[in-house]
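**Q** Below, each chain spelled out in residue letters.
Number of protein chains: 6
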Amino acid sequence: MDCRIIKSPGENTLAILNRRKGSGPKGALEDVGAVGLVQGKLIEMVCAADVAEKAVGVVVEDIKGTCPQNMIMLAIFGDTASVMAAMDEIKRREKERLW
Amino acid sequence: MDCRIIKSPGENTLAILNRRKGSGPKGALEDVGAVGLVQGKLIEMVCAADVAEKAVGVVVEDIKGTCPQNMIMLAIFGDTASVMAAMDEIKRREKERLW
Amino acid sequence: MDCRIIKSPGENTLAILNRRKGSGPKGALEDVGAVGLVQGKLIEMVCAADVAEKAVGVVVEDIKGTCPQNMIMLAIFGDTASVMAAMDEIKRREKERLW
Amino acid sequence: MDCRIIKSPGENTLAILNRRKGSGPKGALEDVGAVGLVQGKLIEMVCAADVAEKAVGVVVEDIKGTCPQNMIMLAIFGDTASVMAAMDEIKRREKERLW
Amino acid sequence: MDCRIIKSPGENTLAILNRRKGSGPKGALEDVGAVGLVQGKLIEMVCAADVAEKAVGVVVEDIKGTCPQNMIMLAIFGDTASVMAAMDEIKRREKERLW
Amino acid sequence: MDCRIIKSPGENTLAILNRRKGSGPKGALEDVGAVGLVQGKLIEMVCAADVAEKAVGVVVEDIKGTCPQNMIMLAIFGDTASVMAAMDEIKRREKERLW
Chain A
1 MDCRIIKSPG
11 ENTLAILNRR
21 KGSGPKGALE
31 DVGAVGLVQG
41 KLIEMVCAAD
51 VAEKAVGVVV
61 EDIKGTCPQN
71 MIMLAIFGDT
81 ASVMAAMDEI
91 KRREKERLW
Chain B
1 MDCRIIKSPG
11 ENTLAILNRR
21 KGSGPKGALE
31 DVGAVGLVQG
41 KLIEMVCAAD
51 VAEKAVGVVV
61 EDIKGTCPQN
71 MIMLAIFGDT
81 ASVMAAMDEI
91 KRREKERLW
Chain C
1 MDCRIIKSPG
11 ENTLAILNRR
21 KGSGPKGALE
31 DVGAVGLVQG
41 KLIEMVCAAD
51 VAEKAVGVVV
61 EDIKGTCPQN
71 MIMLAIFGDT
81 ASVMAAMDEI
91 KRREKERLW
Chain D
1 MDCRIIKSPG
11 ENTLAILNRR
21 KGSGPKGALE
31 DVGAVGLVQG
41 KLIEMVCAAD
51 VAEKAVGVVV
61 EDIKGTCPQN
71 MIMLAIFGDT
81 ASVMAAMDEI
91 KRREKERLW
Chain E
1 MDCRIIKSPG
11 ENTLAILNRR
21 KGSGPKGALE
31 DVGAVGLVQG
41 KLIEMVCAAD
51 VAEKAVGVVV
61 EDIKGTCPQN
71 MIMLAIFGDT
81 ASVMAAMDEI
91 KRREKERLW
Chain F
1 MDCRIIKSPG
11 ENTLAILNRR
21 KGSGPKGALE
31 DVGAVGLVQG
41 KLIEMVCAAD
51 VAEKAVGVVV
61 EDIKGTCPQN
71 MIMLAIFGDT
81 ASVMAAMDEI
91 KRREKERLW
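Protein chains in written order, with the UniProt record's numbering: chain A, 1 to 99; chain B, 1 to 99; chain C, 1 to 99; chain D, 1 to 99; chain E, 1 to 99; chain F, 1 to 99.
Calculated directly from the structure, the hints in this document are not laboratory data. Nothing here was measured: the structure is a model prediction, and the numbers come from that model. Accuracy of the hints is not assured; some may be wrong.
Since the list can't tell identical chains apart, any single copy or any two copies may satisfy a pair.
[Stated by the list, open to error] Think about it this way: if two alpha-carbon atoms lie no more than 20 Å apart in a straight line, the pair counts; the simulated SDA-like pairs of lysine to any residue are:
id, residue 1, residue 2
1, Lys-95, Thr-80
2, Lys-41, Val-56
3, Lys-64, Ala-15
4, Lys-21, Glu-11
5, Lys-64, Met-84
6, Lys-54, Ile-5
7, Lys-91, Thr-80
8, Lys-21, Val-59
9, Lys-7, Glu-94
10, Lys-54, Glu-11
11, Lys-54, Gly-22
12, Lys-91, Gly-57
13, Lys-41, Ile-5
14, Lys-26, Val-56
15, Lys-41, Asn-12
16, Lys-7, Lys-95
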């Protein structure tokens, strides 16, 4: 599972994510402090989505690819501190295999 | 074959699963105690689906990906004890190669 | 090539197969004694389909995935004895490379 | 590159091939003595198609998969002797890297 | 992550890129001094897009493939010096794992 | 990157290529002396397309697959000498990593 954080994401970068989000093109996310990205197998993404969803101050979206090696990517939108906290929790849970 | 259990799954996590379930978008599953996830090759998923279906107190759905490495994922919905029992049976059968 | 047999397949398991069969959603197969599953490369599946088709008392269907590693799966429906005989013949032919 | 020959292919096996042929569903091939199958990378298939096309007494079709590892499969229809001659020529050319 | 630069790209080469750009077929890019290409996993592409977007004098587009190994490719259009500067920054960030 | 040349391509072989060319089904290429084929990663294909486009006497087309391992294939149409010259230049550039 691959994890990265983009701070103050640019407009086009958000557009690439908004074009592919699982909840559809409506309600595009803009003006977020940071985006956390998580890429892995579908089963890992669903578990990570659940961890992120239970964290505070972030919005979780599954990002559709067009037939990637790894099926979907998770994008976690929010202010920088909240995104970093959610990402840390995902990494900790994955490491300890708590699910 | 990869197996995981999410206890008290969040609303968005269930939405990700409901958007992709094989029986169509109708009859979305909500308010479940736990979700068991099984990811592997198509042939393994079909066999696991049959084991889970014969277990008590769970609903089995195949989750479509968009072109994953592993074709589909199985989601097993129910109360925590039933989901754990179904998952254990799937793992036992896979291990002993009983099919 | 991966081969498995499900005896007395459950209703939902048959539904997963019927949703994906190559001849379309019409003529869903129900009340079968057993299902033989064969997964491999397209070229192997076509050869296995021909062997199964020439066996007695079984119906052969190609099962579409959505972009799997292995392109299609073959499902062989029939009473338990017929399915087992067809599966044995496929495995024997594959082993001896008779095609 | 994987090569196989099915002699006196069954009706359903031809149906699986006819459903997927590149020239469309019209003009389904029936009553053929044998079918030669060749599976490999797209570039190999196009070269093999050219060799088979220049052979005598066979019809060449590219068979579409739904997102396989190997992009397409080639099916070579004709009487048994012609199909075997075309397949031998493809294997010889591939071996000696004559293209 | 694979990085290349095409100087004075030809008309057809730009057409191949324009046909696949994520923002749609409108606003085709023509008469650019150079194109930087970056191919990798989805998560790497999104991070690289953000770096490129924050560079000066370039336009960033995600290029859709039809089911590649690597999900998308990034194309960075601009004058030669700007494209080279943006590509150097992407490579530096990737190397030092600054995200 | 895989490179091959078909001399005096047959009618059906050209049809397989014409059915898949990136510029659409119009303007099918016929009566060409040779076809050069190049298969590799998307980023390699775009660079090779640019080299071929700058060569003399050839037409370059990207050939779409349906979800191959390697995303697209490049077909270079022209008289035999021109196709061979373009292919040699592509191989030389790839070898020396001139891009």
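**Q** Each hint should be assessed against the structure and marked as holding or not.
**A** Consistency of the hints with the structure:
Within a single copy, Lys-95 and Thr-80 get their C-alpha atoms no closer than 22 Å, and across copies no closer than 23 Å, so neither meets the 20 Å cut-off. Taking identical chains as interchangeable, the C-alpha atoms of Lys-41 and Val-56 are never at most 20 Å apart, the minima being 24 Å within one chain and 28 Å between chains. With identical chains, the CA atoms of Lys-64 and Ala-15 are at most 20 Å apart both within one copy (13 Å) and between copies (14 Å). Both within a single protomer and between protomers do Lys-21 and Glu-11 lie at most 20 Å apart by alpha-carbon distance, with minima of 15 Å and 16 Å respectively.
In the homo-oligomer, the alpha carbons of Lys-64 and Met-84 never lie at most 20 Å apart, since the shortest distance is 22 Å inside one protomer and 30 Å across protomers. For the homomeric pair Lys-54 and Ile-5, the shortest alpha-carbon distances inside one copy (19 Å) and between copies (16 Å) are both at most 20 Å. In this assembly of identical chains, the alpha carbons of Lys-91 and Thr-80 lie at most 20 Å apart only when taken from the same copy (16 Å versus 24 Å across copies). In the homo-oligomer, the alpha carbons of Lys-21 and Val-59 lie at most 20 Å apart inside one protomer (12 Å), although the nearest pairing across protomers, at 22 Å, exceeds that limit.
Taking the closest pair of Cα atoms, Lys-7 and Glu-94 come within 20 Å of each other only across two copies (15 Å); inside a single copy the shortest separation is 23 Å, beyond that limit. For the identical chains of this complex, Lys-54 and Glu-11 are inter-copy neighbours only, at 10 Å across copies versus 27 Å inside a copy, given an alpha-carbon limit of 20 Å. For a Cα distance limit of 20 Å, the shortest separation of Lys-54 from Gly-22 inside one copy, 19 Å, qualifies, whereas the shortest one across copies, 26 Å, does not. In the homo-oligomer, the alpha carbons of Lys-91 and Gly-57 lie at most 20 Å apart inside one protomer (18 Å), although the nearest pairing across protomers, at 32 Å, exceeds that limit.
Taking identical chains as interchangeable, the C-alpha atoms of Lys-41 and Ile-5 lie at most 20 Å apart whether they share a chain (19 Å) or sit on different chains (15 Å). In the homo-oligomer, the alpha carbons of Lys-26 and Val-56 never lie at most 20 Å apart, since the shortest distance is 23 Å inside one protomer and 30 Å across protomers. For the homomeric pair Lys-41 and Asn-12, the shortest alpha-carbon distance between copies (18 Å) is at most 20 Å, but the shortest distance inside one copy (26 Å) is not. Taking identical chains as interchangeable, the C-alpha atoms of Lys-7 and Lys-95 lie at most 20 Å apart only when they sit on different chains, with a minimum of 18 Å there against 24 Å within one chain.
Comparing the model with each earlier hint shows violations of hints 1, 2, 5 and 14; every other hint is respected.
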